[in-house]
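These are the residues of each chain, in order.
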Amino acid sequence: MDTGDTGWVLASSALVLFMTPGLALFYAGMVRSKNVLGTLMHSFFAMGAMSILWVLVGYTIAFGPDAVGGLFGKLDFLGFSGVSSDAPHPAGLGATIPHSVFALFQMMFAIITPALIAGAFAERIKFSGYIAFISIWLVFVYAPVAHWVWHPEGWLFKLGALDFAGGTVVHINAGVAALAAILVIGKRRGFGKEAFVPHNLTLTILGAGILWFGWFGFNAGSALGANGLAASAFLATNLGAAAGACGWALAEARKDRKATTLGVASGAVAGLVAITPASGFVGPMGAIAIGLLGGVVCSWAVGLKFRLGYDDSLDVVGVHLVGGVVGALATGIFATAAISGLDASAGNGLLAGGGFALLGKQVIAVGVTLIFSFVATMAVAKLVDATIGLRVAETDEVTGLDLSQHQEVGYSLAEGSGLSITHSAAPVHASQAPHPTAVRVPQGGEA
Amino acid sequence: MDTGDTGWVLASSALVLFMTPGLALFYAGMVRSKNVLGTLMHSFFAMGAMSILWVLVGYTIAFGPDAVGGLFGKLDFLGFSGVSSDAPHPAGLGATIPHSVFALFQMMFAIITPALIAGAFAERIKFSGYIAFISIWLVFVYAPVAHWVWHPEGWLFKLGALDFAGGTVVHINAGVAALAAILVIGKRRGFGKEAFVPHNLTLTILGAGILWFGWFGFNAGSALGANGLAASAFLATNLGAAAGACGWALAEARKDRKATTLGVASGAVAGLVAITPASGFVGPMGAIAIGLLGGVVCSWAVGLKFRLGYDDSLDVVGVHLVGGVVGALATGIFATAAISGLDASAGNGLLAGGGFALLGKQVIAVGVTLIFSFVATMAVAKLVDATIGLRVAETDEVTGLDLSQHQEVGYSLAEGSGLSITHSAAPVHASQAPHPTAVRVPQGGEA
Amino acid sequence: MDTGDTGWVLASSALVLFMTPGLALFYAGMVRSKNVLGTLMHSFFAMGAMSILWVLVGYTIAFGPDAVGGLFGKLDFLGFSGVSSDAPHPAGLGATIPHSVFALFQMMFAIITPALIAGAFAERIKFSGYIAFISIWLVFVYAPVAHWVWHPEGWLFKLGALDFAGGTVVHINAGVAALAAILVIGKRRGFGKEAFVPHNLTLTILGAGILWFGWFGFNAGSALGANGLAASAFLATNLGAAAGACGWALAEARKDRKATTLGVASGAVAGLVAITPASGFVGPMGAIAIGLLGGVVCSWAVGLKFRLGYDDSLDVVGVHLVGGVVGALATGIFATAAISGLDASAGNGLLAGGGFALLGKQVIAVGVTLIFSFVATMAVAKLVDATIGLRVAETDEVTGLDLSQHQEVGYSLAEGSGLSITHSAAPVHASQAPHPTAVRVPQGGEA
Amino acid sequence: MKLVVAIIKPFKLDEVKESLEGLGIQGMTVSDARGFGRQRGHTEVYRGAEYQVDFVPKTRIEIAVDDDQVDEIVKAIVTAAKTDSIGDGKVWVVPAEQVVRIRTGEKGADAL
Amino acid sequence: MKLVVAIIKPFKLDEVKESLEGLGIQGMTVSDARGFGRQRGHTEVYRGAEYQVDFVPKTRIEIAVDDDQVDEIVKAIVTAAKTDSIGDGKVWVVPAEQVVRIRTGEKGADAL
Amino acid sequence: MKLVVAIIKPFKLDEVKESLEGLGIQGMTVSDARGFGRQRGHTEVYRGAEYQVDFVPKTRIEIAVDDDQVDEIVKAIVTAAKTDSIGDGKVWVVPAEQVVRIRTGEKGADAL
Ligand SMILES: Nc1ncnc2c1ncn2[C@@H]1O[C@H](COP(=O)(O)OP(=O)(O)O)[C@@H](O)[C@H]1O
Ligand SMILES: Nc1ncnc2c1ncn2[C@@H]1O[C@H](COP(=O)(O)OP(=O)(O)O)[C@@H](O)[C@H]1O
Ligand SMILES: Nc1ncnc2c1ncn2[C@@H]1O[C@H](COP(=O)(O)OP(=O)(O)O)[C@@H](O)[C@H]1O
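Protein chains in written order, with my numbering: chain A, 1 to 447; chain B, 1 to 447; chain C, 1 to 447; chain D, 1 to 112; chain E, 1 to 112; chain F, 1 to 112.
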């Protein structure tokens, strides 16, 4: 066990965990204020439920010894049994770090991926339905795909498809799941007619900053050590984000001569999404190209929902699905064995003289993930919708998720004093005040 | 000196320092907007004053060579003299890292612990009195307890009581100090009659996210190296937080079928508090159990203040005292020598076949800390109250701490333009404008 | 390559990158709400543009093999060509870490330094002009100064002037550039007559917390390894910040008996600025002294703008220029070879018995940087002003940067529903709604 | 001249505005308000403590109009703002002795 | 019909509301305002620069009432809102020519 | 007694306030409003989608005054609030049947 490698992957794990509160803010700033808490909750609760589910069963399906044909893992690591802190993962995932460090690093990916989906059906999903949906999705959709792509015996891994830090497993997977889910859940009341504008972009910009920061752990941590590979992944990550921000801004500037703050933040995220699968395989120039591509293409893709008429509230499809596909394919184009240290046959993309071999594998990996995740997610969504229900009642949607799902409001800035209190002691429910009143307005709520 | 271990503890120190701004936000979001800055100030100023006090005198009392009977340290490290950057702590605290790294890591704990207390008397404490209170408290209450528990010659350490990262030293200590302090300071005007609702929960959720992130440094950093122990502490920390969030949410759901965002954030913190003393001693399942326990018990404990009638503004007693006790005792139940590497006699709790030996020691450590900290804090609070004064004037409380203590307001969102300025040059005080005016409303203030 | 050192510098690079979103918030909270996004954008866009510019050309000018007389580097590293991930920087900058790690660590400095300047001309600069200004400035002002001071063949380096982490290169450089720029751009409409008060100090406090956190990477990362030097730089950084916070608060308390939250946050930043050049050269007591000095002097310096009549919106001159000079000179006074490990002749300042030798060199370095940066920046500003233009139209300034430069508003907290939407599909521009309306008020905008 | 004041549900503002524009109304002034009435408020829960909020968000519209337009305007507002559920709000009319347009100093009907 | 408008200190709203409910008042509309008057404002300090704020937060209450109730309502408000310290505020009464309940179209007293 | 209501551009509040103080006006009540009228609003763009905002921020001033002061006050407001650009706003006057100072119970002119 190398202390330097172990320390770096531990630090990276903390960074990736921190991405989820970042995502919470990034998303929450874009919804209307009456849904700010409900949106924060989608990410925050995932930190709770997904962590536990991962330990109990998710991890072993993804990274347990292959059960059959590279499709999913055996249950050896159920409840993290046999996940040692003294020895590495038996299959050599992170040969210089304890198995438990690899497992907890992966846990952070299992938290944020389901949380990413939540942006698509923001402002209208039922909280109980949401929990059921992401829980089933983690086990039956995320874990298997992770096994295919990242486990040495996974069938896409053996095929030779490259995904350094989660282009297919995380972004395409979450993005297409988002599409399937919103087709089941339907549009928000007033979509396309009413204006749904971000209620607090300072949260969104801060969230984007936290995502950028945490993404260094996401990508450079995926080197599973503090080595040269981590260094080039780190560099590529920063350049992907930077180029994505510039790309989106340029696209906006070309269109109406004004770059927007939300655009630049969105572009950074799009660039990060695009560079994720490629981060350990490309050099600085390749990273800049991929980031630019991600920013420009996604800035166009977010408009599709209005044209095609699906309600992807916070553009999970436009940014994560589209950006993920851009990145996965670009990996087949820009990958350079000289950077990744893979042998030329496996690590060289089109421009590095590897021909179409790698690109072809990338196409297969993308296609398979798209189909499997779409179909499987559709099934999960329909199941939950038919049982617990995925959609809030119309009046609850009008009132907002904060009050209808959580009995809270996000902001009480101009609150007066002298409000009465219904009752104080937590468990008691009888009113203690004859005329209980409160003069505060639930921000953004409706009469 | 091992660079990997040193790097990890440095990174952990940064993470722990970052917890205090996180705490500032966590607390500030829950107060009324007229007190938002005063509450942020409690944490932020502690980063200033406590750092210096720690270097000057606090550290040597806690970690200097034992003076007498394991009660406190000698003054050898006064002003950090003799705290080397080339050699480890003489008593072998962190054998592979420089002494200065251990000392600065501990400095971060000495910052946040007093800041934790501030949540209890939020919205009514005088700033000057607050500074005096936490300064004296750090030296005469925190430092000695740290010596007892963490110094190899500390009497509780020698007794064999276990506290991996601060269940007794930090959370029970701060929690009971909070109780003592509010008994001296008294309730907020209107407590139990007026509604004191959080003014901006986005700050609180962000704060909780930062706390979760920083807590990895707090617990896994306490392994003082990037090793297997750090790995299992890191894992336990994430699971404690996750289970705490789920536990609180479940308790709420059982009660009125709605989980709240504030509840989930509070549960995560409660879980983190509970897992802190146990983090290096328990496996994943133990960590989940302790986190759940912490979340459920604290969700009930926060109601006590209304029943018993003490005004613990932000539930420091309900979360840190109660959660700390839960964790300290649970350590005696779930501790497993196989995880911590201690020998069976010292490291096995009840369920690991260690019998009641360890649990008994934990009970003693908890009891002693409760009594000492309560009595000593009561004395400190009464002293400060009798001299400088701890409580703001009633009109200042009505106006809010922001204006009355700091002459600022937190938010001026809808500010108009064209305000006149009394005077510009910082040091001058004579008015330069005949009719100085400003059309902005101090948010949440009162006429 | 040492994994511990590499991991620490990678972690530090992430921390320094995170400072820029922190700076964005720190600044954005202090402007009027109609400029909040424009101000966030100044920092955020720098993360994009400066990263790319650094890779393409900035880095090689700063850290390429010396071209002539220690003035600037050769173009060997154009586009990061020859920046290896397996071998260290040829000139031995970071002998135990890959060259690419050193290069990306430095990239983060190249992002935040131009962003620092933006605080001076906040609320009135044209976005296009801003981009042009910082781009030219990075290449022609920042990169050369970095070469002089930090490249082993840089002429100030060879002179023996000490700047551990950027007192001259970053803070004095940005501070004096700010002064030059605002002399070209001019004052905000209403400066000195209207009241420009911070619109959301919670952002500013959070930003200060993030800056403090990230600054550990900035200073301790500059040790380029996880060693004793990093340890003492880390310690000095925290003490500088702490003492700065206390210093500013004390100065306020002396003046009108009230310490302000903004003052404490500003003091922490001032202390961090002051300790930056000295962080690797001084012990804890020296660090406290320098931090105090920074806090007190800057708390006075921020008043100068009103006396002398220049409009330094967010006090970049008062904090970064003045604080930077304080720190650079203090390095000549408090530096101790025993801490830095330099030989006595080079590393001992006045108080350590080194006489005036070092102090003299510091004076030269400061003076040269002041003159060069002022003149060069003045030229850049005038050039951009004469071509693209630096200042927004008066009506745009009145409307605010958010709407006039980016067509966005920061907050829509009390938004009603039922707004119509002009058109949905991103690229289409014709109105689709007969009577498009929206009942939301652009916060802080004007009629 | 009269002053018509309407208290409506916020999400109805658009429809009201459009129907008034239909009547050739050139301007109006709107502000946020909160109403107390037959319509119930809601409950909030923070850390187990329950709070009853009796006030609900409303939008207040003020329109200065010529006497002869009052009735059609009131009718238009009532029609556009109606949801038939409790809390739809009120309209009242107050006499305005003079109305001036600041920009031009025009008085009475010309000021509208 | 009359319209009673009261400008009070925000923290007095509750007491005023309760005493009005005592008189059988079924509804009212409230909004945030800021007042300028004899009551002094406060000073704010940011980075050493001092700012004087002359306006203080107030709450504005509007109640449409039947003519015969006006006096008792005004009295009730004055009693409930009084703190005897400067800045307690004002109450004024304006004639209302008609009042309509949007939901039902009811007019006059029935609309309340 | 009369009630003078003015809708002005927010950044003009200061000048209006000062000129009223010049007339010996002791108090006023101000609130935020948004106006719809001849003055155009603005466009916002989020992720490529464009939104038209027709309402512009305005400030609403209410002043209870003695009958004989009405004209000079209206004139003073019009003069101070004028920028000669569209959107300067309106002033209207409404009869006030009584005005009471809460603190003292004083009525009429004494209440001001
Ligand atoms: N007497 C009144 N004076 C002023 N406003 C009133 C009065 N009664 C009701 N309102 C306003 O009208 C709104 C709707 O009244 P409410 O009684 O809830 O429903 P409805 O008008 O449909 O019977 C209230 O929220 C309040 O803003
Ligand atoms: N002439 C006026 N017209 C409208 N509102 C007024 C007037 N005078 C005072 N007010 C309102 O009444 C509030 C209290 O008035 P003030 O003079 O401060 O105290 P008091 O009414 O106790 O003498 C002011 O803040 C303002 O909102
Ligand atoms: N009929 C009206 N009733 C109430 N307020 C009005 C009316 N017409 C205009 N206003 C207010 O006056 C403001 C300015 O009116 P506008 O037509 O834009 O410019 P101008 O008054 O210069 O012609 C509007 O924003 C609105 O707040």
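Please note: incorrect hints may appear among the correct ones.
One side only, chain D facing chain B, incomplete, derived with CB under 10 Å [unchecked claim]:
hint	residue
1	VAL45
2	TYR51
3	VAL53
Computed far set for chain B versus chain A, every beta-carbon distance over 10 Å [said to hold, decoys possible]:
hint	residue
4	LEU15
5	ARG32
6	SER128
7	GLY129
8	VAL264
9	ALA344
10	ILE364
11	ILE371
Because the hints were derived from the structure by calculation, they are not lab data.
Predicted, not measured: the structure shown is a model, and the values here were computed from it.
Think of the CB as a built atom: it goes at the ideal place given N, C-alpha and C, for glycine as much as any other residue.
To see whether the hints hold, each was checked on the structure:
1. VAL45: holds, 6 Å
2. TYR51: holds, 5 Å
3. VAL53: holds, 9 Å
4. LEU15: violated, 7 Å
5. ARG32: violated, 6 Å
6. SER128: For B/SER128, whose nearest Cβ neighbour in chain A is about 25 Å away, the distance exceeds 10 Å, so it holds.
7. GLY129: Answer for B/GLY129: holds, closest chain A Cβ roughly 23 Å.
8. VAL264: It is violated; B/VAL264 is separated from chain A by about 6 Å at its closest Cβ, not greater than 10 Å.
9. ALA344: holds, 17 Å
10. ILE364: holds, 30 Å
11. ILE371: holds, 28 Å
Going down the numbered hints, you'll see the structure goes against 4, 5 and 8, while the others check out.
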